[in-house]
Amino acid sequence: MIALLGPEIAWYLSVAAFLFATGALGVLLRRNPLIVLLSLEIMLNGGNLALIGFSRNLGDGGGQIFALTVMAVAASEVVVGLGLVVALNRKRITLDVDRLNTLRG
Amino acid sequence: MVWGAWICLISPLAAACLITIGGQRLSRRAAGWISTASCFVAFGGAVAAFVGLLTHSASDRDFISTAWTWITGGSYQSGLSVLIDPLSTFMMLIVAGVGALIVWYSIGYMDGDDEERRYFAYMSLFVFSMLLLVQAGNLLLLLAGWGMVGLSSYLLIGYWHDRPSAVAAAKKAFIMNAIGDATMALAFFLLIEKAGSLDFGILGGQYSSTVANLVALGLLGGAVAKSAQIPLHTWLPDAMEGPTPVSALIHAATMVTAGVYLIVRTHAIFEQAPQVANLAADLGAATLLMAGLIALVQVDIKRVIAYSTMSQIGYMFLGAGVGSYPNAMFHLMTHAFFKALLFMTAGIVIHALVDEQDIRKMGGLRQLAPRTYWAFVVGALALVGIFPFAGFFSKDPILAAAMAKGGAYGYILWAAGLAGTFLTGLYTFRLLFVVFWGEPSAFVREHFHPLGRDVVAFSLAIPVGVLGVLSVIGGWIQFSPWWHPIETWLRPVAEPIVNPSSWQEWTSITLSLLLGLTGIAVAWALYGAHRVTVPRVAWVQHTLEHKFYFDEVYDALFYEPAVALANFLRRDVEKPLIADSGEDLGADTRDLGTIVARTQTGLVRSYALAIASSVAVLAIVFVIVK
Chain A
1 MIALLGPEIA WYLSVAAFLF ATGALGVLLR RNPLIVLLSL EIMLNGGNLA LIGFSRNLGD
61 GGGQIFALTV MAVAASEVVV GLGLVVALNR KRITLDVDRL NTLRG
Chain B
1001 MVWGAWICLI SPLAAACLIT IGGQRLSRRA AGWISTASCF VAFGGAVAAF VGLLTHSASD
1061 RDFISTAWTW ITGGSYQSGL SVLIDPLSTF MMLIVAGVGA LIVWYSIGYM DGDDEERRYF
1121 AYMSLFVFSM LLLVQAGNLL LLLAGWGMVG LSSYLLIGYW HDRPSAVAAA KKAFIMNAIG
1181 DATMALAFFL LIEKAGSLDF GILGGQYSST VANLVALGLL GGAVAKSAQI PLHTWLPDAM
1241 EGPTPVSALI HAATMVTAGV YLIVRTHAIF EQAPQVANLA ADLGAATLLM AGLIALVQVD
1301 IKRVIAYSTM SQIGYMFLGA GVGSYPNAMF HLMTHAFFKA LLFMTAGIVI HALVDEQDIR
1361 KMGGLRQLAP RTYWAFVVGA LALVGIFPFA GFFSKDPILA AAMAKGGAYG YILWAAGLAG
1421 TFLTGLYTFR LLFVVFWGEP SAFVREHFHP LGRDVVAFSL AIPVGVLGVL SVIGGWIQFS
1481 PWWHPIETWL RPVAEPIVNP SSWQEWTSIT LSLLLGLTGI AVAWALYGAH RVTVPRVAWV
1541 QHTLEHKFYF DEVYDALFYE PAVALANFLR RDVEKPLIAD SGEDLGADTR DLGTIVARTQ
1601 TGLVRSYALA IASSVAVLAI VFVIVK
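The listed protein sequences derive, respectively, from chains A and B.
For the first sequence, the numbering used here begins at 1 and goes up steadily by one.
For the second sequence, the numbering used here begins at 1001 and goes up steadily by one.
Everything labelled a hint here was simulated from the structure, so no lab data went into it.
Possibly wrong hints are sitting among the right ones.
[Stated by the list, open to error] So the derived list for chain A, only partly shown, Cβ under 8 Å to chain B, looks like this:
hint, residue
1, Ala24
2, Leu28
3, Val97
4, Asp98
5, Asn101
6, Thr102
7, Leu103
8, Arg104
[As the list claims (entries may be wrong)] To give an idea of the chain A side of the interface with chain B (calculated C-beta under 10 Å), a few residues:
hint, residue
9, Val27
10, Leu29
11, Arg31
12, Val36
13, Ala87
14, Arg92
Nothing here was measured: the structure is a model prediction, and the numbers come from that model.
Think of the CB as a built atom: it goes at the ideal place given N, C-alpha and C, for glycine as much as any other residue.
The following block holds chain B by itself, in its conformation from the complex:
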């Protein structure tokens, strides 16, 4: 069990090192296979850890394995340790499992790229970082994983470093994440100050409400930045500049859900700071609505899915915020399946259309790529949460939990979640109808080239197939009114604090199913059958296309003042004080030199006279003084 966890952690790191050191001695294909194999090994390790845990009784599933003491300072001590408990194995299975499939898919998707080895080294590094994050045995190591995940995300978004837009997106993601890292670090400093340790155990201690609120706020800041929730969400859509498998793995399936994991992992502190927990739920609800609305007008196939990711993570935040931790984790799992599936299907479409991502140029792909179409349909239905696809089982309990939270507050959250379901149906099927239905557009007819029957095609198709199956059956594990193995499994780590009653669950299930179907129907009427013309209100359209002006506001609030300040400093401080003073120094030295140079007559006799007279003067002085 313990060795399983360590193998799970080390294997992708070993692959990253191997590919880096191997360099050109490895063929590009080999680099891809090494990376894939390492992820499958990691998955095997995770399974071993999971099975190992199963053999223990539910109350006894909490193990920490420390390799060595990592940092000591005074009475403070942190070990390099991994934690093996139900929550971490749950995440290990998702990260390693979905990760392995997506890295495998990358072999096909990245085939022929100039720098495949670098890509696979980065991918392995990412999987390692993510596993470090979820397996970390204390908060400090978690922060290390957290930062490394941000780093690998930066590297992978900016993977095509010759595209200025990709480089800009990478920097944006890194800076946004750094804000979250900073608030988290502050929270940890406070914890060290108050509790003298960063072990997970201290989270359950008693703190004054101020301390609990501050720590929870700091953690929430990290979670919000990593999970692209309002107000630190603007980096995620831009992150779609990275290769599509990166979007699938990092910006849909694993990394962006780390915030949810963090909240669930540290739920003890959030329970002591209920206002902050509510804030998490509020942000989740706001994000899920806002992202759903923006997704309605986006025209880049990957950006639509990116906004839907934000929206779905909004649901998870909502669930975690109201205290329904197992359901948030369950939705995290099914979301990893169907969102990775959607991204990978979109990747196949992009691949088949020679890197075109604009859905206005697409259309009619159903006839040309029927299997891709069906995979997309499965992903879309799972995303909207239609029975019996995965999202159906995981999204509704979150809504029920919001209802069970009670009061007007709970009902507002619940209503937001329900409205989100409608939006999900609308934007998802808008995408599907626009891309796949209708007659093939001129662009598609000209550029479409189907997959062959080679390694590339298989490594694209098999992971999509596996995820397709998981998107159908993955949700059957738990159907909250009747059976809940995931809740039972996670209960020792994260006991839910809301328990929806049966009627709340059934109401949520019925309503969200109906609203999802309504959304699909509206999308069909608007984009599938063109029965109704798409309503266009100029200012709404504008607001949505500008993503509620978040980027513009941030530009005006932070970027422009910073640039103005920098310009002021350069012009009025740096130039007169530093640049000019250097020039003055040089000029003055030169002037002095000109004066002194006059004594250099070049006449040997004058030198000799100078020496002789000096000696004479010295001699006289010597004699007098003596």
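Isolated chain A, as found in the complex:
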């Protein structure tokens, strides 16, 4: 493949790691399920960015296919997650993930 233009791979990975960490913090710290879902998407995007970065670095299109697949899965997941959020709201249940602890053993 032709020589790569633009920044080094390390930059891409740094941004990806930053996105991933932001998302993870959001998932761990926020209580609103909507925000949690959002943070989850940020984490996924961080992952996607890493995949694409490597794909470019190695000159192999496979990583981009992976990224597309992850996007499709993420979209489906968001549909389910948002559906749940709407259902919770309809039942007038407080939107707080810490109070949804029915699964406690």
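Position chain B relative to chain A; hints supplied.
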């Protein structure tokens, strides 16, 4: 001839299968007739085999027909084969002939029972098993028949399975018989070890005295259990819980005499083990006396006859034990006639009195049922052995043979047999007088209902009539001082080893006749005319009513310890080791679960944290290790 034997064997089996498969598509009556017809066909086959044998010369009457090789193991081989020789045809004729009459009688007796088809299927199965036993061409097949006979006996004793007493009696009979089966099997193992085969021919081989004694003991154990001799006799009286035709067919005419057949069939080994043969005679003598004494105090009409059966088989054992095989077989034959007759007459009485069997409630039946009475008289006279009835001709030669055995031993056996004749006269006519003489009791007047003139009555009456005639003339075939066709017929198979002289025969005949008549006279004085009050000695009465405490002793020796052991095992072994360990396992698992469950907070974020931190740790490890 050969095909006759096979038809004889297969026909009752076919009937049993047909009735079983037919189920409710067959009417109950049809099941009865199929079963009866199959037995008559079997009898026809037996006659064909008999006639076939007659056409051969006496030395050439020994045929084995093998259908296929049944079992092979190493050099050992057993065929599915039938034996056609004078002894087996003799037994085939008795089993199929008397069997056919009794199954026919059952059509009347079992009429209206809830499960007639099952009954007739069992009956056919029994006749098949018995024929298999007597026709078996080798000892292994004989053992198969032996076991199947025990099985069908179990099924038929427990036929009324809603009566706990019948179920208990069936189990008792089966267990007692299983003991005998086991000793027989052990004897056969020893024979296979020593001779490598179970054909009848090997019995004549030479064995060391230990081997011969052990094998003969094993066979004797089987014979004693099947024929209800001391010490394995306690099941027979209880077996009277079965329907009366079953008592007649299995527990009087055929199955219980199988032990005698076995001894006669394997006499070669008993001749090599004279002590065991003597033991057989001893057991026979002891049983005939003991059963005769117990019969004096029994109050159940069928049990009296059951004890008399034990007593008569005691005579056969005595005869076979001292080596007078043809006479033992002859007595087996006449006994089949008159004992079946007695049971069937008793069955008619029971039937007419709405299933009442207690003779204390009976009385005066002579006026109400004269023909039944006369049939019973014929059976009773034949049983006691009064001239010219059947028992007279067959019992006395056994006594003479005991005498001819010689020595003090022979005379003791002889005296026991003679005492038995007296007892026979006493208990038989006690039964007859109590049941048939006197004025009809209140119970009889209230419940007696005579037979009608329908199929039921005819199928009850005709077989009784035929057996009545046979009980009179059946013994005339052989009168040992003058003519002995049965002995001649059986001689190629079972040559007697004692030959009573003429004076021994006449002495036995005279004395046993006199003692039999004395017994009858005493019974008449006590129970018929009430001239003498019945003597009652409390402890004698008690001992006899408790049947010499055999059941109690066996309970104490085997049953109670077994129960105690089982209770101990359940309480002290099974509970702590097995039951409790299971509970502990469950409890511990639950405790573990409670601990682990604490990590399940239900908080999604804590799960996420766990995952994230795990990944972080893994990543660090990965980097370091790399």
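Hint by hint, here is what the structure shows:
{"no.": "1", "hint": "Ala24", "in the structure": "holds (6 Å)"}
{"no.": "2", "hint": "Leu28", "in the structure": "holds (6 Å)"}
{"no.": "3", "hint": "Val97", "in the structure": "holds (5 Å)"}
{"no.": "4", "hint": "Asp98", "in the structure": "holds (6 Å)"}
{"no.": "5", "hint": "Asn101", "in the structure": "holds (3 Å)"}
{"no.": "6", "hint": "Thr102", "in the structure": "holds (6 Å)"}
{"no.": "7", "hint": "Leu103", "in the structure": "holds (4 Å)"}
{"no.": "8", "hint": "Arg104", "in the structure": "holds (3 Å)"}
{"no.": "9", "hint": "Val27", "in the structure": "holds (5 Å)"}
{"no.": "10", "hint": "Leu29", "in the structure": "holds (8 Å)"}
{"no.": "11", "hint": "Arg31", "in the structure": "holds (8 Å)"}
{"no.": "12", "hint": "Val36", "in the structure": "holds (8 Å)"}
{"no.": "13", "hint": "Ala87", "in the structure": "violated (16 Å)"}
{"no.": "14", "hint": "Arg92", "in the structure": "violated (20 Å)"}
In the structure shown, a violation is registered for the earlier hints numbered 13, 14, in ascending order.
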